[in-house]
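Enquirer: Listed here are the chains, written in short residue letters.
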Amino acid sequence: MELEHSFTIPVPPERAWQVLLDVGQVAPCMPGATVDSVEGDVVKGRIKVKVGPVALTYSGSARFTERDEQALRVTLEASGKETRGSGTASATVRSSLQDEGGGQTRVTVHTTMHVTGRPAQFGRGVIADVGGRIIEKFATNLAAQLAGGGQPQAGVAAANGTGPGAAVPGPAAGAAEGSGAAGPAGPGAVPPPGDGVLELPVEDLQLPVRAFNSLRREGIHTVGDLSARTEADLRAISNLGPQSIKEIKRKLAERGLDLASPPPGSGPAAESAAAAAASRAATAGGASGAAAELAAPPMGRPPDEDAIDLLSVAGFPVLKRALPLAGLLAVLVLLVLRMRRRMRRRRAASAS
Amino acid sequence: MIPAKFDYTRPGSLDEAVRALADGGEDAKVIAGGQSLLPLLRLRLAFPDLLVDVGGLDGLRGVRDEGDTLLIGALTTHDEVVHDPVIREHCGLLAEAAGTVADPAVRHRGTLGGSLAHADPAGDMPAVALALNATMIARGPGGERAIGAGEFFLDYLTTALAPGEILTGVRVPKLGPGWGYRYEKFHLTAQAWAIVGVAAVARRSDGHVAEARIGLTNMGLVPVRARGAEEAAAGAEATIEALRTAAGRADEGTQPPSDLHGAADYRRHLARVLTARALAVASGV
Numbered sequence: 001m002e003l004e005h006s007f008t009i010p011v012p013p014e015r016a017w018q019v020l021l022d023v024g025q026v027a028p029c030m031p032g033a034t035v036d037s038v039e040g041d042v043v044k045g046r047i048k049v050k051v052g053p054v055a056l057t058y059s060g061s062a063r064f065t066e067r068d069e070q071a072l073r074v075t076l077e078a079s080g081k082e083t084r085g086s087g088t089a090s091a092t093v094r095s096s097l098q099d100e101g102g103g104q105t106r107v108t109v110h111t112t113m114h115v116t117g118r119p120a121q122f123g124r125g126v127i128a129d130v131g132g133r134i135i136e137k138f139a140t141n142l143a144a145q146l147a148g149g150g151q152p153q154a155g156v157a158a159a160n161g162t163g164p165g166a167a168v169p170g171p172a173a174g175a176a177e178g179s180g181a182a183g184p185a186g187p188g189a190v191p192p193p194g195d196g197v198l199e200l201p202v203e204d205l206q207l208p209v210r211a212f213n214s215l216r217r218e219g220i221h222t223v224g225d226l227s228a229r230t231e232a233d234l235r236a237i238s239n240l241g242p243q244s245i246k247e248i249k250r251k252l253a254e255r256g257l258d259l260a261s262p263p264p265g266s267g268p269a270a271e272s273a274a275a276a277a278a279s280r281a282a283t284a285g286g287a288s289g290a291a292a293e294l295a296a297p298p299m300g301r302p303p304d305e306d307a308i309d310l311l312s313v314a315g316f317p318v319l320k321r322a323l324p325l326a327g328l329l330a331v332l333v334l335l336v337l338r339m340r341r342r343m344r345r346r347r348a349a350s351a352s
Numbered sequence: 001m002i003p004a005k006f007d008y009t010r011p012g013s014l015d016e017a018v019r020a021l022a023d024g025g026e027d028a029k030v031i032a033g034g035q036s037l038l039p040l041l042r043l044r045l046a047f048p049d050l051l052v053d054v055g056g057l058d059g060l061r062g063v064r065d066e067g068d069t070l071l072i073g074a075l076t077t078h079d080e081v082v083h084d085p086v087i088r089e090h091c092g093l094l095a096e097a098a099g100t101v102a103d104p105a106v107r108h109r110g111t112l113g114g115s116l117a118h119a120d121p122a123g124d125m126p127a128v129a130l131a132l133n134a135t136m137i138a139r140g141p142g143g144e145r146a147i148g149a150g151e152f153f154l155d156y157l158t159t160a161l162a163p164g165e166i167l168t169g170v171r172v173p174k175l176g177p178g179w180g181y182r183y184e185k186f187h188l189t190a191q192a193w194a195i196v197g198v199a200a201v202a203r204r205s206d207g208h209v210a211e212a213r214i215g216l217t218n219m220g221l222v223p224v225r226a227r228g229a230e231e232a233a234a235g236a237e238a239t240i241e242a243l244r245t246a247a248g249r250a251d252e253g254t255q256p257p258s259d260l261h262g263a264a265d266y267r268r269h270l271a272r273v274l275t276a277r278a279l280a281v282a283s284g285v
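These protein sequence lines map, in sequence, to chains A and B.
With the first letter of the first sequence counted as 1, position 93 gets the number 93 in this note's numbering; the numbers rise by one all the way through.
With the first letter of the second sequence counted as 1, position 162 gets the number 162 in this note's numbering; the numbers rise by one all the way through.
Extracted from the complex, chain A is given alone in its bound form:
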């Protein structure tokens, strides 16, 4: 699919050119984008696309493949893979600047986009339309960004209403770096759990709305409040399911924290309860499988949300298949027993 957008901005080409070259400023113009890291010309990040109940997240990278200062033209290539599926999306964005005189610049954005996998087949091709509108929004955001000559991203987000809400580490976030502990942490760096972290409001963990609301109702307002609770405490809160608790643990782990462990007195008891739950889960399969997963020790890497525990999901159907085999075995055993008894009887008869 090819799309073309053009707009005029009230800044001279030289200034727009500088912004256009800064991938850290261009990438966040993409609606729903989160920038994970900027290294030289390469930006790694994710794009979340939400259409009604359909939610797709692509993670990948974008980089400059062409930079022609004479023609004032840059080409940005982006490609990503669905984080929870096998689909891919890629786009080539060719932007060029034209001096219109009087400090005005005409910007042309030409986009070629490819979407593969299930999302491309879904909804009778409508995802393509959605893609088109995303690119349109990107162009609008880019126009605002360029017109501002590289103002901080917040301006664009506000202007856009449903703005990208992207956190931009690196150059654009320079101002935030001075604000100390509360500032956004650099990519990949897990800050040690300093005193300040515990004072942070729970909002800063950016939990899902439901988890956040449930916690607030329980009077949990700061990260310190939260990490003082045990997992069992959280499970007792209504509306807070295993999925949410997993998310909370993950967010805490990002800050180098964890939920409280059960008080020492009840330690062994709790552990055996967990073990019992785990064994129950193993035998019953199904619903309590989630409990077993929670009881598992925290891993260094957050568990893949989509990994399917086959035994817990399909344990019963799988076992069911083994039924005929078990039946056959039982019949064989019976037969053998019977033959042995008969032989013994015959031997006894011949002996007498």
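Read the hints as simulated data drawn from the structure, not as lab findings.
From the three backbone atoms N, C-alpha and C, an ideal C-beta is built for every residue, glycine too.
Do not rely on the hints blindly, as some may be mistaken.
[To be verified] Which residues of chain B face chain A? A partial, calculated answer using Cβ under 10 Å:
| hint | residue |
| --- | --- |
| 1 | Arg10 |
| 2 | Asp15 |
| 3 | Arg19 |
| 4 | Asp23 |
| 5 | Gly25 |
| 6 | Glu26 |
| 7 | Ser36 |
| 8 | Leu45 |
| 9 | Phe47 |
| 10 | His118 |
| 11 | Asp155 |
| 12 | Phe186 |
| 13 | Ala190 |
| 14 | Leu221 |
Assemble the complex: chain A is given as a structure, and chain B must be docked to it using the hints.
Expert: Just chain B now, kept in the frame of chain A:
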């Protein structure tokens, strides 16, 4: 395919359901009959954190005669809509269109409210709601509100329902005497989505069409009214030729998709032809 993990709750009252949904925010989703949502979950195109099952809210089921209007509970299944004598008598278009939805299995589980809230432009009921001037009744944390069908469908699979709101029912004005109706659906296999669908109601008087309302299925990102054809049909003679001329404007202002089932031009053509047929039946020609 097995859906990604989600939490599930089945509240016993509407208030509980609204609260659970409001707490869930953007990542919570209402499930009723599940005939549209479950396929999305199984294809792993949707990843809600929480499903709020409204199946236990019996108050949202059934049809109430309110005099000039019918209030149809959101949980009323397509099959119940097809066979309900009150609906058949006063809002026959709804029953006729519901009878064309997918297959009997889907019609027995899928609900009218679910179909509207899912807002698939290829679904049959949204265009019918437009043609009937229906009003959606939604309940949220802030109480109840009514949303006209014209303002309800905002975008592809997106409605005016706020994240914490549940569609509880649909208020449909009764078609009075003199009104006729017709749902024309074009599809290649019986249970498939409409390539194009046309829902028309028309009032006839003195051998003329006095007024007409037409809703189009699958002619854009949202179900749309064929305003051009409605204008042209109003006051037109109730003859095949006159209605065909009026239907020539059926695709005005639409943006039909191009896909495996048909190019945009083909859909425009279908919209004109089907509108002429639907108008003819609706105005008793």
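Enquirer: Does each hint fit the structure? Answer for all of them.
Expert: Now the hints, each set against the structure:
The interface hint given for arginine 10 (chain B) is broken, as the beta carbon of that residue sits about 13 Å from the closest beta carbon of chain A, more than 10 Å. Against a cut-off of 10 Å between C-beta atoms, the interface hint on aspartate 15 (chain B) is violated, since the closest Cβ of chain A lies about 14 Å away. Look at arginine 19 (chain B): its Cβ gets to within about 8 Å of chain A, closer than 10 Å, so that hint holds up. Because the beta carbon of aspartate 23 (chain B) sits about 5 Å from the nearest beta carbon in chain A, less than 10 Å, this interface hint is met.
Annotation: glycine 25 (chain B) was flagged as interfacial toward chain A, and the flag holds, the nearest CB pair being 3 Å apart, inside 10 Å. Interface hint at glutamate 26 (chain B): satisfied, since its Cβ lies 6 Å from the closest Cβ of chain A, which is below the 10 Å cut-off. At its closest, the beta carbon of serine 36 (chain B) sits 8 Å from a beta carbon of chain A; the interface hint therefore holds under the 10 Å criterion. Among the interface hints, the one on leucine 45 (chain B) holds; its C-beta lies about 5 Å from the nearest C-beta in chain A, closer than the 10 Å criterion.
Because the smallest distance between the Cβ of phenylalanine 47 (chain B) and any Cβ of chain A comes to about 5 Å, under 10 Å, the interface hint for this residue holds. The interface hint given for histidine 118 (chain B) is met, as the beta carbon of that residue sits about 8 Å from the closest beta carbon of chain A, less than 10 Å. Taken as an interface hint, aspartate 155 (chain B) checks out: its beta carbon lies about 8 Å from the nearest beta carbon of chain A, inside 10 Å. Annotation: phenylalanine 186 (chain B) was flagged as interfacial toward chain A, and the flag is violated, the nearest CB pair being 14 Å apart, outside 10 Å.
A least Cβ separation of about 18 Å between alanine 190 (chain B) and chain A goes past the 10 Å threshold, and the interface hint is therefore violated. Of the supplied interface hints, the one on leucine 221 (chain B) holds, with its beta-carbon coming within about 6 Å of a beta-carbon of chain A, less than 10 Å.
The structure does not agree with the numbered hints 1, 2, 12 and 13 stated previously, though it agrees with the rest.
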